[in-house]
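Please build the complex by placing chain B on the supplied structure of chain A, with the hints as guidance.
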Amino acid sequence: AQSVTQLDSHVSVSEGTPVLLRCNYSSSYSPSLFWYVQHPNKGLQLLLKYTSAATLVKGINGFEAEFKKSETSFHLTKPSAHMSDAAEYFCVVSDRDGGYQKVTFGIGTKLQVIP
Amino acid sequence: EPEVTQTPSHQVTQMGQEVILRCVPISNHLYFYWYRQILGQKVEFLVSFYNNEISEKSEIFDDQFSVERPDGSNFTLKIRSTKLEDSAMYFCASSLATGLAGTDTQYFGPGTRLTVL
Numbered sequence: 001a002q003s004v005t006q007l008d009s010h011v012s013v014s015e016g017t018p019v020l021l022r023c024n025y026s027s028s029y030s031p032s033l034f035w036y037v038q039h040p041n042k043g044l045q046l047l048l049k050y051t052s053a054a055t056l057v058k059g060i061n062g063f064e065a066e067f068k069k070s071e072t073s074f075h076l077t078k079p080s081a082h083m084s085d086a087a088e089y090f091c092v093v094s095d096r097d098g099g100y101q102k103v104t105f106g107i108g109t110k111l112q113v114i115p
Numbered sequence: 001e002p003e004v005t006q007t008p009s010h011q012v013t014q015m016g017q018e019v020i021l022r023c024v025p026i027s028n029h030l031y032f033y034w035y036r037q038i039l040g041q042k043v044e045f046l047v048s049f050y051n052n053e054i055s056e057k058s059e060i061f062d063d064q065f066s067v068e069r070p071d072g073s074n075f076t077l078k079i080r081s082t083k084l085e086d087s088a089m090y091f092c093a094s095s096l097a098t099g100l101a102g103t104d105t106q107y108f109g110p111g112t113r114l115t116v117l
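Protein sequence lines correspond, in order, to chains A and B.
Just so you know, the first sequence maps onto residues 1 to 115 in this note's numbering.
Just so you know, the second sequence maps onto residues 1 to 117 in this note's numbering.
Excised from the complex, chain A in its bound form (with noise of 0.2 Å):
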């Protein structure tokens, strides 16, 4: 089975301070995982993905996000925030189930930048 948890529906920052958005992931195969972020009117951006190499991803924009299979986390992180960061960002995870792919994603969580 495979599931996708964003354990915060809503985070809100200063801007130039540390951004955590947390995602836990359950999946019965080796899966990929993805952060994608929509701006409003806006459709899904890729921001970054984990695909079985180094468990630190980089991705646009300054964000990364760290693949932790002990804690089935990938959650994803930005040093400093930016009003432009103020967006929706979904986790999702994706695997082959029978030589089909599946994706699921997450609910997503709004993010705000306060001046």
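Please keep in mind that the hints were generated in silico from the structure rather than gathered at the bench.
Where hints are given, some of them may not hold.
Stated by the list, open to error - Within a straight-line C-alpha distance of at most 30 Å, the following computed DSSO-like cross-link-like pairs (lysine-lysine) qualify:
| # | chain 1 | residue 1 | chain 2 | residue 2 |
| --- | --- | --- | --- | --- |
| 1 | A | 69 | B | 42 |
| 2 | A | 42 | B | 78 |
| 3 | B | 83 | A | 42 |
| 4 | A | 58 | B | 42 |
| 5 | B | 42 | A | 68 |
| 6 | A | 42 | B | 42 |
| 7 | A | 110 | B | 42 |
| 8 | A | 69 | B | 57 |
For chain B alone, kept in the frame of chain A given last:
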């Protein structure tokens, strides 16, 4: 950089009407997908398509839905008789098949907002 495009960006239709949502995947990709996101809810998988046939579908993808790749570039989602609850943002995605190399990254289009009145 190649991207997935979708048309129209916003479609308004009357309940019971048929709608066709169009997508142009990235040109060398072989897997195609449709997702939907009802306002305020999570993104839900609808269907995946490979080699001119459906490879997987969710329970949402009932007989009212169909997909087609009518030519070498377009990938369409048809809803035969729309219901109010079909109002959502519909996202198309595509990925490049890599066989045994693991799961492929899906690249998403900007979405079509469907409003059923």
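Hint check results:
Taken as a hint, the residue 69/A and residue 42/B pair is honoured in the structure, with Cα atoms around 25 Å apart against an allowance of 30 Å. Between residue 42/A and residue 78/B the alpha-carbon distance is near 22 Å, which keeps this suggested pair within the 30 Å criterion. Between residue 83/B and residue 42/A the CA atoms are separated by roughly 24 Å; this keeps the pair inside 30 Å, and the hint holds. At most 30 Å may separate the alpha-carbon atoms for a hinted pair to count; residue 58/A and residue 42/B meet this at roughly 25 Å.
Annotation: proposed proximity of residue 42/B to residue 68/A holds, straight-line Cα distance about 24 Å (limit 30 Å). Pair hint residue 42/A plus residue 42/B holds up; C-alpha atoms about 15 Å apart against a cutoff of 30 Å. Restraint check for residue 110/A and residue 42/B: the C-alpha separation of about 12 Å stays at or below 30 Å, so the hint holds. With a C-alpha separation of about 29 Å, the suggested pairing of residue 69/A with residue 57/B holds against the 30 Å cut-off.
Checked against the numbered hints listed earlier, the structure breaks none of them; every hint is satisfied.
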